[in-house]
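Visitor: The chain contents come next:
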Amino acid sequence: MNPSETFELSPEVVALGTRRSYIELGARDRARQLLDPGTFRELLGPFDRLESPWLPMQGIVPQSDDGCVVAKGAIGGKPAVAIALEGKFQGGSIGEVCGMKIATALHLARTDNEKGITTGAVLSVESGGVRLQEANMGELVLAEIYAEIVALRLHAPVIAVVAGMTGAFGGMSLATALCSHVVMTRQARLSMNGPEVIELEAGVEELDARDKPFIWSLCGGAQRFATGFADRLVEDDAAQVSAAVVDLLRQGVPEVFRTSMIDLFLSRLAALDTGRQWTPGDIRETWAKGGAR
Amino acid sequence: MSPTQEAMKPAAAQGRSWCTRREGKLRRLALVEPWMTGKILPRSRIVEALEALLLPGDKVVVESCQKQADFLSRSLAKVDPKKIHDLHIIIHAIARPDHIALFEEGIARKLDFSFAGPQSLRVAQLVEDGQVEIGAIHTYVEISARLFVDLIPNAVLVCAEMADREGNLYTGANTEDTPANIEAAGFRDGLVIVQVNEIVDKLPRVDIPGGWVDVIVEADRPFAKEPIQTRDPRDIKELQILTAMMVIRGIYERHQVTSLNHGVGFDTAAVELLLPTYGASLGLKGKICRNWILNPQPTLIPAIESGWVESVHSFGNEDGMEKYIAARPDIFFTGRDGTLRSNRVYCQLAGHYAVDLFIGSTLQIDGDGNTSTVTRGRIAGFGGAPNLGSDAHGRRHSSPAWLSMITGDSPEAHGRKLVVQIVETYKAGGVPVFVETLDAVEVGRMAHLPVAPIMVYGEDVTHIVTEQGIAYLYKADGLEERRAAVSAVAGVTPVGLRGSAKRTAELRGRGIVAFPEDIGVRPADANRSLLAARSMQDLATWSGGLYEPPARFRSW
Amino acid sequence: METLNFDYPVSGKVPHRAQVGVVGSGDLEILLEPSPDPQAHVRIRTSVEGFGTTWKAVLDQFFARYPAAAAIEINDFGATPGTVALRLGQAAEVSKS
Chain R
0 MNPSETFELS
10 PEVVALGTRR
20 SYIELGARDR
30 ARQLLDPGTF
40 RELLGPFDRL
50 ESPWLPMQGI
60 VPQSDDGCVV
70 AKGAIGGKPA
80 VAIALEGKFQ
90 GGSIGEVCGM
100 KIATALHLAR
110 TDNEKGITTG
120 AVLSVESGGV
130 RLQEANMGEL
140 VLAEIYAEIV
150 ALRLHAPVIA
160 VVAGMTGAFG
170 GMSLATALCS
180 HVVMTRQARL
190 SMNGPEVIEL
200 EAGVEELDAR
210 DKPFIWSLCG
220 GAQRFATGFA
230 DRLVEDDAAQ
240 VSAAVVDLLR
250 QGVPEVFRTS
260 MIDLFLSRLA
270 ALDTGRQWTP
280 GDIRETWAKG
290 GAR
Chain Y
0 MSPTQEAMKP
10 AAAQGRSWCT
20 RREGKLRRLA
30 LVEPWMTGKI
40 LPRSRIVEAL
50 EALLLPGDKV
60 VVESCQKQAD
70 FLSRSLAKVD
80 PKKIHDLHII
90 IHAIARPDHI
100 ALFEEGIARK
110 LDFSFAGPQS
120 LRVAQLVEDG
130 QVEIGAIHTY
140 VEISARLFVD
150 LIPNAVLVCA
160 EMADREGNLY
170 TGANTEDTPA
180 NIEAAGFRDG
190 LVIVQVNEIV
200 DKLPRVDIPG
210 GWVDVIVEAD
220 RPFAKEPIQT
230 RDPRDIKELQ
240 ILTAMMVIRG
250 IYERHQVTSL
260 NHGVGFDTAA
270 VELLLPTYGA
280 SLGLKGKICR
290 NWILNPQPTL
300 IPAIESGWVE
310 SVHSFGNEDG
320 MEKYIAARPD
330 IFFTGRDGTL
340 RSNRVYCQLA
350 GHYAVDLFIG
360 STLQIDGDGN
370 TSTVTRGRIA
380 GFGGAPNLGS
390 DAHGRRHSSP
400 AWLSMITGDS
410 PEAHGRKLVV
420 QIVETYKAGG
430 VPVFVETLDA
440 VEVGRMAHLP
450 VAPIMVYGED
460 VTHIVTEQGI
470 AYLYKADGLE
480 ERRAAVSAVA
490 GVTPVGLRGS
500 AKRTAELRGR
510 GIVAFPEDIG
520 VRPADANRSL
530 LAARSMQDLA
540 TWSGGLYEPP
550 ARFRSW
Chain S
0 METLNFDYPV
10 SGKVPHRAQV
20 GVVGSGDLEI
30 LLEPSPDPQA
40 HVRIRTSVEG
50 FGTTWKAVLD
60 QFFARYPAAA
70 AIEINDFGAT
80 PGTVALRLGQ
90 AAEVSKS
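Protein chains in written order, with numbering that gives the first Met the number 0: chain R, 0 to 292; chain Y, 0 to 555; chain S, 0 to 96.
Bound-form chain R, shown alone (with noise of 0.2 angstroms):
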């Protein structure tokens, strides 16, 4: 709803009032914006009721849709097919059903190429990585994914987009970093071990979970666009994602993907100074002369 009167109000105010934030959308939601107006249409959505079998035994209370939304539509005028992560369920974690979701809507996808049906994949991915109440499947099922994202990016671009509040940690961090190309807003993060993680092994001198601004100087969307882990930087505006989708989209199949560059990350930590300490800042200034591309 727009402020009344915004004659008085700068330019960026009233924008606030105008654009849609894509933070504040759930998966569902998140998945009909990443797809062409009218094109969506869900795979084992909630009344199919493929839940997971597991968390109930363990007395925790499960999702219609695992947490998890597969649709297949069209993006820019292309067959795609975009999948969502809830990340307000159970963390975005990634098990049995979810995991076979995001595996099987990436096979299917591969198949129709292979079938010379141009199709492209969008992940919101929005999770901490393995549910541990289904950790061996979920390992298993992530490797699948990795596989299908691996064998799916040769045909067609498959863009993860990191928007927050969850971020991408764990197995799904190496997921989002398989990808084609990477979209993070600066709420974001990208990183695969968690805060809490790390000051539990390295200890609060090493790294406070609490110190908010230095988190995100590490792994927020702004830092990893900085130093190549992410190939856009788009405001909060729903907007701006899907542009931002549709372009790379576009592009179609990168050259070279960041995970061929074997080479050149090796060289980056070999000339790391291990005996002094870099900050954010450094990194920024030091990889980004090379650039990622």
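Please keep in mind that the hints were generated in silico from the structure rather than gathered at the bench.
Here the structure is a predicted model, which is why all the values come from computation and not from measurement.
Check before you lean on any hint, since a few could be wrong.
[Said to hold, decoys possible] FRET-style restraints, in silico, Cβ to Cβ: (1) R:Gly58 - S:Lys95: 31 to 41 angstroms; (2) R:Glu200 - Y:Gln255: 55 to 65 angstroms; (3) Y:Ala500 - R:Glu200: 52 to 62 angstroms; (4) R:Gly274 - S:Gly49: 55 to 65 angstroms.
[What the hints assert, rightly or not] Facing chain S, a subset of chain Y residues (Cβ under 8 angstroms, in silico): (5) Glu237; (6) Leu238; (7) Glu423; (8) Thr424; (9) Tyr425; (10) Ala427; (11) Gly429; (12) Glu466; (13) Gly490; (14) Val491; (15) Leu496; (16) Pro522; (17) Ala523.
By construction, the Cβ of each residue, glycine as well, lies at the ideal position given by its N, Cα and C atoms.
Using the hints, position chains Y and S against chain R.
Guide: Relative to chain R, chains Y and S alone:
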């Protein structure tokens, strides 16, 4: 000799000194004088100095509300209990472990306070273990008042931003209670001991003259302070947006509330963030919410920028707001140096006599509308609510809102302050807010308090707002009707279930109770997209980048 | 986790099925569909045990307002009765639109 002649003899001849406090003060100060340079005491001497300056049984004000004289309280906790013991501590808010340590160590024995917050559990434990004797739990300004009557301090331990070499003090944005604390001691031969962040040559402005100050020490680190009223819009839930819509429509609009105080909480933050959107859609800008008694909290920024707010007077500061305040001197109370001037006593006075309305949340409400934040196992205290949330019988000036509270047509009729309690019917974990008997009654008994620690009395509550609707208690005729009105908005709590649908319908028909649809509010519209700002970043954008959210709120 | 079942002898029509909410902390998910028979059936799975009477009171109020023969599934992660009532109202609105 006649009694009159007796009384007129010189003091010495009568055998009584009339200057015991002054003589005592001079004796105490003489003990530390060798260590001082002017009024400045070296930091390393603070514990010894406190042992010399204080005497067992002294009444000592430990400054702690939003800002805390923590260097002085940490130092006091280190004195030898054999030398300094059984102190009577007077403190607005017990906030720190070192405050608790004073009682555990036997340095202090008696306690008069207002609010406990995070230490509420520890205070309850101290009571249970017999380590503290509570004088009373007060409202904030009531403690300040007693500093001039029967809790006159022997010493005050206060904090300030800066001092100059003459001992003048700059208290800055967090001035809060310092002027009142110092006044009570400074003019009755109590000791004024101040910790400062730094000693400078020239102050930005003089808030306290050096002549009122006895000992100044530069602390080991800047004094602690809490942005206690800052709330992150991300945490505002749909139910709070629903109640906020009802407040704006069913209370602010209906009663034409132009001056007000919002108690701390997400419920009230939601109201502030709905003014530029929902409030504007009702055409209410300029008609309501113009003059505020409120800390400079960031959730008011959109309403200020949109032209709703004429003035804000504050109890204290909210970290990160300094640049915004300096850029908006038409709105806030600022010195010529550009920084905020807060003053808790004046602000509480204003919140008592000069506002149309107080609205705040609470933890429990009983069937009669009495409310309390004191619950089993915790002694949380009241803060400012009893003062802000009570009618000011001494008020004589009128306003449309005050007059709208008149029911009946007696020639001696007078208005009232609108006192609104806003709650959800249940807290997390299935705990009902509406109860038959407040926990406070039992806690009061166990802590041997003379009266139950009630925060706001039912007789002062004019409105209760829940997610079910609004109870216009001021309209209820008699106790039975009041209890029925409370029950009608108490949802499915036991208090709510003892009402009948028939009685509720009748009360709704007479306008004593209103459900959302009765005042044109649709629960389906209660959506976060209605908030003018939905994150701390949005608030920073609204402020043109002038608001700098503290680290704990920075998730980007 | 506790499972609760309630039936209501109501027969109003349910135009569309609806899903609202997320099983997040303090929140709940509701699936609402037309009931196969002329009654309403509610199945609740909740993480907070022992509040059967509270659930019934909330549902009593809901069906008094929306007497529809609905099959309702609720997956609850500790939502307050106020939040439950809000989501039920939202589900009812979505099913009518």
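Visitor: Quick one: which hint numbers does this structure break? Sort them smallest to largest.
Guide: Hint check: nothing fails, all pass.
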